[in-house]
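**Student:** Take these sequences, add in the hints, and give me the full structure.
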Amino acid sequence: MNNYDHQTLAAQLACPYGEDGTAIAEKMNETNAFITERSIEMLAPTAGERIVEIGPGNALLSRPLIAALESNGEYIALEPSVEMAQQAWDNLSGLNAAPVTIFTDDSLSAPVMTHSVDGVMAVNVLYFIDDLDALFRKIITWLKPGGRAVFGVRSDQCLQSIPYTRYGFSIRSLAEIQASLLASGFRLVESSYYDEGIQLFDELEIRLDALIIKAIM
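Residue numbering for the sequence shown is 1 to 217, as defined by UniProt numbering.
Hints in this document: simulated from the structure, not taken from any laboratory.
Incorrect hints may appear among the rest.
Pairs of lysine to any residue, SDA-like flavour, derived with a Cα cap of 25 Å [as the list claims (entries may be wrong)]: (1) LYS138 <-> CYS15; (2) LYS138 <-> HIS115; (3) LYS138 <-> MET42; (4) LYS144 <-> THR46; (5) LYS138 <-> ALA85; (6) LYS27 <-> GLU70; (7) LYS144 <-> ILE216; (8) LYS27 <-> HIS115; (9) LYS138 <-> LYS27; (10) LYS27 <-> SER170; (11) LYS144 <-> GLU70; (12) LYS27 <-> MET42; (13) LYS27 <-> PHE169; (14) LYS27 <-> VAL100; (15) LYS138 <-> PRO163; (16) LYS138 <-> THR101; (17) LYS138 <-> ILE102.
As the structure is a computational prediction, the values presented were derived from the model and not from experiment.
**Tutor:** Dropping the structure here:
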């Protein structure tokens, strides 16, 4: 792949669009299955809860989360890609589970009510956020007292080894993310690390890992 290909791939990962975006989203579902499963486990959603997910893509991997909320819960997705938001709606409509609401607003301007949410989840999203403190402070306004947020990311060492992450990715260490969470008002932060081994992504062999970070109000 040449540099232009890497740059285009990075842009698609940040916000999939068009036919290429659909293909990228399908591949992302393969490579993100493990990190999403571990993130849902850490979030531990239960029946009746109200959960926000930032950047679910086409939301196929979010189905277990929505099923756990059952019909008396609520799932709210914040997906900036219009194409992905439509695919997410198509993939989630008709499930015998929690009602679904999808917004295409930016996370900082999404119409989520203050202190109305039990949990927030975002997988492979933080690299595309310029101001982490602002995002975390916004999430805190959404959460009920005692609420929690879970972020699934790749480690900084993993990201630095991938050629396309030099384009538009903000690579941060676990320590930097933890410090931002605590400075933004979360009182407790914990994390788990998993080595996923060698994976193939768009003809690139990359060694993936999963870092699952949980922050509690």
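**Student:** Given the hint that LYS138 pairs with ALA85, does the C-alpha gap stay at or below 25 Å?
**Tutor:** Roughly 21 Å between the alpha carbons, so the hint for LYS138 and ALA85 holds.
**Student:** Tell me if the straight-line CA distance from LYS27 to MET42 falls inside 25 Å.
**Tutor:** 24 Å, holds
**Student:** With the threshold set at 25 Å, check whether the alpha-carbon distance from LYS138 to ILE102 stays at or below it.
**Tutor:** 18 Å, holds
**Student:** Holds or violated: LYS138 with CYS15, Cα cutoff 25 Å?
**Tutor:** 21 Å, holds
**Student:** Mind checking the alpha carbons of LYS144 and GLU70 for me, to see if they're no more than 25 Å apart?
**Tutor:** 19 Å, holds
**Student:** Given the hinted pair LYS27 and SER170, is their Cα-Cα distance within 25 Å?
**Tutor:** 22 Å, holds
**Student:** Assess, step by step, whether the Cα of LYS27 is no farther than 25 Å from the Cα of VAL100, and give holds or violated.
**Tutor:** Between LYS27 and VAL100 the Cα gap is close to 24 Å, so the pair holds against 25 Å.
**Student:** Run the distance test for LYS138 versus LYS27: straight-line Cα separation, threshold 25 Å.
**Tutor:** 30 Å, violated
**Student:** Does HIS115 sit within 25 Å of LYS138, going by the straight-line distance between their CA atoms?
**Tutor:** 11 Å, holds
**Student:** Verify the proposed pairing of LYS138 with PRO163, using a straight-line Cα cut of 25 Å.
**Tutor:** 31 Å, violated
**Student:** With the threshold set at 25 Å, check whether the alpha-carbon distance from LYS138 to THR101 stays at or below it.
**Tutor:** OK: LYS138 and THR101 at ~19 Å, within 25 Å.
**Student:** Measure nothing beyond the straight line between the CA atoms of LYS27 and HIS115; if it is 25 Å or shorter, mark the hint as holding.
**Tutor:** Between LYS27 and HIS115 the Cα gap is close to 35 Å, so the pair fails against 25 Å, i.e. violated.
In terms of the numbered hints stated before, the structure departs from hints 6, 8, 9, 15, listed from lowest to highest.
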